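The opening position of the sequence shown corresponds to residue 1377 in the numbering used here, with each subsequent residue numbered one higher.
These aren't lab readings, by the way, just hints derived from the structure by calculation.
Predicted model, so just to flag it, every value in this text is computed and none were measured.
Note that CB positions come from ideal geometry on N, CA and C, so glycine has one too.
Where hints are given, some of them may not hold.
[To be verified] With a Cα cut of at most 27 Å, we get these calculated DSSO-like pairs of lysine-lysine:
#1 1487 with 1476
#2 1495 with 1474
#3 1415 with 1425
#4 1445 with 1456
#5 1454 with 1443
#6 1465 with 1476
#7 1465 with 1454
#8 1445 with 1432
#9 1432 with 1443
#10 1425 with 1436
[Claimed, not checked] Between beta-carbon pairs, the in silico distance windows are:
#11 1417 with 1439: 31 to 39 Å
#12 1479 with 1445: 27 to 35 Å
#13 1401 with 1429: 33 to 41 Å
#14 1401 with 1444: 42 to 50 Å
#15 1493 with 1454: 50 to 58 Å
#16 1457 with 1429: 35 to 43 Å
#17 1440 with 1465: 35 to 43 Å
#18 1492 with 1464: 50 to 58 Å
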Amino acid sequence: MSSNYEDDEREDSNGGGFALGLLIGATVGALAAMLFAPKSGYETRQQLKDMADQQKDNLKNQWEQTKVKAAEAVDMAKEKLNTVAEQTKGTVDAVAEKAKGTVDHLADETKATVDKFQKRY
């Protein structure tokens, strides 16, 4: 049984891998087309430079999107951790209160027993 968070995480990682594969495939295809096209050296170098600049921009955008998604994931994890911490604190407080009541009851019974014993002897 998987949570929605795990499903989202799986979808994000599969989508990211697909996008990266698509980006790499497009780059390799464009490089091959330029290298085999009949152009002058200057034109080919300029085209390669332009393509490199475009890919740099694409990678920068993808990096920014990844940072945003990572920040969102961190915020979600913090919220879940805070919720679990609050629930745990509530449970611990309830158990501690019950234990305190039991200890107080046992102390009272022990004191009563000691008092009875002292009165007898």
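To see whether the hints hold, each was checked on the structure:
Taken as a hint, the residue 1487 and residue 1476 pair is honoured in the structure, with Cα atoms around 16 Å apart against an allowance of 27 Å. A C-alpha spacing of about 32 Å is found between residue 1495 and residue 1474, which places the hinted pair above 27 Å, so the restraint is violated. The straight-line distance between the Cα atoms of residue 1415 and residue 1425 is roughly 15 Å, inside the 27 Å bound, and the hint therefore holds. Restraint check: the Cα-Cα separation between residue 1445 and residue 1456 comes to about 16 Å, which is no more than 27 Å; the hinted pair holds.
A distance of roughly 16 Å separates the Cα atoms of residue 1454 and residue 1443; the hinted pair therefore holds under the 27 Å criterion. Annotation: proposed proximity of residue 1465 to residue 1476 holds, straight-line Cα distance about 16 Å (limit 27 Å). Pair hint residue 1465 plus residue 1454 holds up; C-alpha atoms about 16 Å apart against a cutoff of 27 Å. Only pairs whose Cα atoms come within 27 Å are accepted, and residue 1445 paired with residue 1432 is accepted, the gap being roughly 20 Å.
Annotation: proposed proximity of residue 1432 to residue 1443 holds, straight-line Cα distance about 16 Å (limit 27 Å). A hinted pair counts as satisfied when its Cα atoms are at most 27 Å apart, and residue 1425 with residue 1436 qualifies at roughly 16 Å. A hinted range of 31 to 39 Å holds for the C-beta pair residue 1417 and residue 1439, which are about 32 Å apart. As the Cβ distance of residue 1479 to residue 1445 is approximately 50 Å, the hint placing it in 27 to 35 Å is violated.
Look at residue 1401 against residue 1429: about 19 Å separates their beta carbons, and that is not inside 33 to 41 Å. Take residue 1401 and residue 1444: their Cβ atoms lie about 25 Å apart, and the range 42 to 50 Å is violated. At roughly 57 Å, the beta-carbon separation of residue 1493 and residue 1454 lies within the given 50 to 58 Å, and the hint holds. The hint said 35 to 43 Å for the Cβ distance between residue 1457 and residue 1429, and at roughly 42 Å that hint holds.
Checked against the hint of 35 to 43 Å, the C-beta distance between residue 1440 and residue 1465 comes to roughly 38 Å, which is consistent with it. The hinted range of 50 to 58 Å is not satisfied by residue 1492 and residue 1464, whose Cβ atoms lie roughly 42 Å apart.
Checked against the numbered hints listed earlier, the structure breaks hints 2, 12, 13, 14 and 18; every other hint is satisfied.
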